[in-house]
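**Student:** Line by line, the protein sequences are chains A and B.
Here the numbering used here is used: position 119 in the first sequence is 142, and no number is missing along the way.
Here the numbering used here is used: position 32 in the second sequence is 592, and no number is missing along the way.
Calculated from the structure, these hints are not laboratory results.
In this text, all values refer to a predicted model and were calculated from it rather than measured experimentally.
Hints may contain errors.
[Unchecked claim] As a list, the in silico EDC-like pairs of lysine to aspartate or glutamate whose alpha-carbon atoms are at most 20 Å apart:
| no. | chain 1 | residue 1 | chain 2 | residue 2 |
| --- | --- | --- | --- | --- |
| 1 | B | LYS619 | A | GLU84 |
| 2 | A | LYS119 | A | ASP109 |
| 3 | A | LYS131 | A | GLU158 |
| 4 | B | LYS619 | A | GLU83 |
| 5 | A | LYS119 | A | GLU84 |
| 6 | B | LYS617 | A | GLU84 |
| 7 | A | LYS131 | B | GLU628 |
So you can see what is in the structure, the chains are spelled out below.
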Amino acid sequence: MTSFFPDVNVWLALSVATHSHSSAAWEWMRTLPSESQLLFSRYTQLGLMRLLTNDSVMGEETLTLRRAWAVFDRWLADPRVALYPDPRNVDPQFRKATMPFASKPASKWVGDCWVLASAAGNLATLVTLDKALFELARKQGHPCIVPA
Amino acid sequence: MAIRTTVDIPTPLHDELRRRAESSGTSIRSLIVRALEESYVSTSRREPVTGPLIAGKGKLGPRFPVDETPHDLILS
């Protein structure tokens, strides 16, 4: 069984029809073997819910928290989707992921590196729409794909 | 209530279970119970998502992402 770890923006693209990458994300999703597994972590769960309920993100489609829960629950009702706890070995992975930015005030990368570490700790292929994150994962020897 | 049972598991599969349990901070028992539930209990109740769950055509906000996850909006 192959496990995939979509980053928050991939979950958003799969959830929101008008996301510019929604079609690409769904084309990728539909090619997955039936035994594939898509993993949520606590960070990607709360990230998706934070974005879905933020009006500066969702504009006229902003969800109430109740509806955001319904979206998350619907994902969990998909037999391919599971919420995994943070891996026990995630801290060393996180430190490794952030090493290239050790001398920089790289706040954006903190979140991306956590996502990469979570994918690595869960032995899952990272799925991202962010080419820079894809390159970081590739340089660190972690499997990563960009739905296109 | 739980029932204790004994099952012979092939060594390679057990090794894989142990590896996954260690990496995900859970137990072999939890992985086995979840796999059994997914295979024999929950399947009839669980339906794949087949398309976007938010299909409205309303105008999205100025911070709606394109390629990059806006971590600043998640962590703020």
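**Student:** Confirm or reject each hint.
**Tutor:** Structure-based check of each hint:
1. Note on LYS619 (chain B) and GLU84 (chain A): the hinted pairing holds, with a Cα-Cα distance of about 7 Å set against a maximum of 20 Å.
2. Distance restraint check for LYS119 (chain A) and ASP109 (chain A): the Cα-Cα separation of roughly 16 Å lies within the 20 Å cut-off, and the hinted pair is therefore satisfied.
3. In summary, the hint linking LYS131 (chain A) to GLU158 (chain A) is supported, as the alpha carbons are separated by about 15 Å, within the 20 Å threshold.
4. Between LYS619 (chain B) and GLU83 (chain A), the direct Cα distance comes to roughly 5 Å. Compliance with the 20 Å bound is thereby established for this hinted pair.
5. A distance of roughly 38 Å separates the Cα atoms of LYS119 (chain A) and GLU84 (chain A); the hinted pair therefore is violated under the 20 Å criterion.
6. About 8 Å separates the Cα atoms of LYS617 (chain B) and GLU84 (chain A), which keeps this hinted pair within 20 Å; it holds.
7. A distance of roughly 10 Å separates the Cα atoms of LYS131 (chain A) and GLU628 (chain B); the hinted pair therefore holds under the 20 Å criterion.
Of the numbered hints stated above, the single one contradicted by the structure is hint 5.
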